[in-house]
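Sequential numbering of the sequence shown, starting at 1, is according to the numbering used here.
Some hints could be false.
When the alpha-carbon atoms are kept at most 25 Å apart in a straight line, the in silico DSS-like pairs for lysine-lysine are as follows [what the hints assert, rightly or not]:
no., residue 1, residue 2
1, K110, K123
2, K110, K64
3, K123, K64
4, K69, K89
5, K86, K104
6, K89, K114
7, K114, K69
8, K86, K133
9, K64, K104
10, K64, K89
11, K81, K63
12, K123, K89
13, K64, K86
14, K123, K69
15, K69, K133
16, K110, K86
17, K59, K86
18, K81, K123
19, K81, K59
20, K81, K64
21, K110, K63
22, K123, K86
23, K110, K81
24, K89, K63
25, K64, K114
26, K114, K81
27, K104, K133
28, K81, K104
29, K114, K133
30, K86, K69
31, K114, K59
32, K81, K133
Simulated restraints on C-beta separations [what the hints assert, rightly or not]:
no., residue 1, residue 2, range
33, S93, P55, 25 to 35 Å
34, S122, V51, 32 to 42 Å
35, D145, K69, 26 to 36 Å
36, V51, S71, 39 to 49 Å
37, K89, N36, 14 to 24 Å
38, S99, D61, 35 to 45 Å
39, Q57, S85, 13 to 23 Å
Hint data in this document are derived by calculation from the structure and do not stem from the laboratory. Here a beta-carbon is modelled for each residue, glycine too, at the ideal position from N, C-alpha and C.
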Amino acid sequence: MKHYVKILGMLTALVIALSCSKKNDENPIIIDPVENVMDGTWSLTSATGNVANVPPQTKFDYKKTISFKSSDSSFIKTYEKGDESKTAKGTFSISIDSSSSTIKYMIILKYGDKSDFVESCSKSQEDYVLNEKSELTLTSWVPCDGPSYVYRRIQVID
1 MKHYVKILGM
11 LTALVIALSC
21 SKKNDENPII
31 IDPVENVMDG
41 TWSLTSATGN
51 VANVPPQTKF
61 DYKKTISFKS
71 SDSSFIKTYE
81 KGDESKTAKG
91 TFSISIDSSS
101 STIKYMIILK
111 YGDKSDFVES
121 CSKSQEDYVL
131 NEKSELTLTS
141 WVPCDGPSYV
151 YRRIQVID
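Work out the full structure, taking the sequences as your base and the hints as a guide.
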């Protein structure tokens, strides 16, 4: 009988040891976003509409850029077509989307003044996702059948 109690005790200790050392993948450690992850100028590289089987547009007769400066959380968005040029300014914030299997940054742009340049359903802010491929994708127009724009960094600010 002592032999069975001894074996049962050892099995219990083994189960406890294994359960305490189990790697917990369900709650990964979240680190603060790198402050300068957005610094620099980002240029529009493609646009996708909500029509199935239509390839993304990659050639434009205009130029759109967003310049981010994390030291004061500011941005300047620029649209240029021929002699026409528009700019809008505001502030941005960054958070991490911990619900996905890869780290994605959620970026929110809030404009300083009311602008018809805001590309979203609400017209008050724009929502972007920065993915692991360093693609900055506008997501705030998609729910109201607007396009999804993809930007890539073309210049880093020191």
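> Does the structure break any of the earlier hints, and which numbers would those be?
Replying inline: Numbers 5, 8, 28, 29, 31, 32 and 34, in rising order.
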